[in-house]
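Order-wise, the sequence lines are chains A and B.
Start counting the first sequence at 4; every next residue gets the next number (this note's numbering).
Start counting the second sequence at 92; every next residue gets the next number (this note's numbering).
Everything labelled a hint here was simulated from the structure, so no lab data went into it.
By construction, the Cβ of each residue, glycine as well, lies at the ideal position given by its N, Cα and C atoms.
Each hint should be verified, as a subset may be incorrect.
[To be verified] Stretches of chain A that chain B covers, calculated by requiring three or more beta carbons in the stretch to come under 8 angstroms of a beta carbon on chain B:
no.: 1; segment: 34 to 46
no.: 2; segment: 114 to 125
[Stated by the list, open to error] Sample of chain B residues with no beta-carbon within 12 angstroms of chain A, all distances over it, derived:
no.: 3; residue: ASN95
no.: 4; residue: ALA111
no.: 5; residue: GLY115
no.: 6; residue: GLU148
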Amino acid sequence: MKTPTDSESSCGFGPHAALPPLLWGLASGLSAAAATVLFVFFKMPLPLRAVVAVLPLLPSLGYVFCVVRMFRRADELQRRIQLESLGFAFPATAILVMAVDLLEQAKIMPGIHWGWSGLVTAMCLFWIAGWVMASRRYR
Amino acid sequence: MKNNLRELRAAREWSQGDLADKLGVSRQTVNAIETEKYDPSLPLAFKLARLFKRPIEEIFTDAG
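Given these sequences and hints, build the entire structure.
Now the structure itself:
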């Protein structure tokens, strides 16, 4: 079985490893924002609309590839920390969405159109919060 | 689980980073094992035993 070398283990979930997925995620968000702007301000024929709609998925695939690679290169404690942080982020996001929806139904707060970007942002923030909490436990 | 990893490492004058490199894990993992906040998997425990040329039960003891 291949064991991670020094350089690989530092690529697990270390600070150096966070840059590539961060850049891919940023590229994904920016390209999605650009696509939205194009849809709002320009009338495009159907084939071009389809291309513009699908293009932001390419950096998103890069992001997924980076995250999977980080998991593969992580050591056992890093994997446990990530499992705990994702185990926190997933239900926390679900609870947040449910709470906001119920408050909207009760007309206590105005309707918020989350969209995918709001949901993804909430998931990422909860993931980071879970990551920090789990890391502290094993410090 | 209790362990005497810190003493074994100190006897060889290795830093946590040195030991992490030899084991192929992060320094955080070595620190978490030494401070007994994390119990290593069996393969990692065997790796430690091989590295320090000691039986596993001599490095790790049941805290209960």
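We went through each hint and held it up to the structure:
1. 34 to 46: violated (count 0)
2. 114 to 125: Our answer is that it is violated, as 0 residues pass the Cβ test (under 8 angstroms) against chain B, missing three.
3. ASN95: holds (19 angstroms)
4. ALA111: Violated: least Cβ distance 7 angstroms, not greater than 12 angstroms.
5. GLY115: Label violated. Min Cβ-Cβ 4 angstroms, cutoff 12 angstroms.
6. GLU148: holds (21 angstroms)
Comparing the model with each numbered hint stated earlier shows that hints 1, 2, 4, 5 do not hold.
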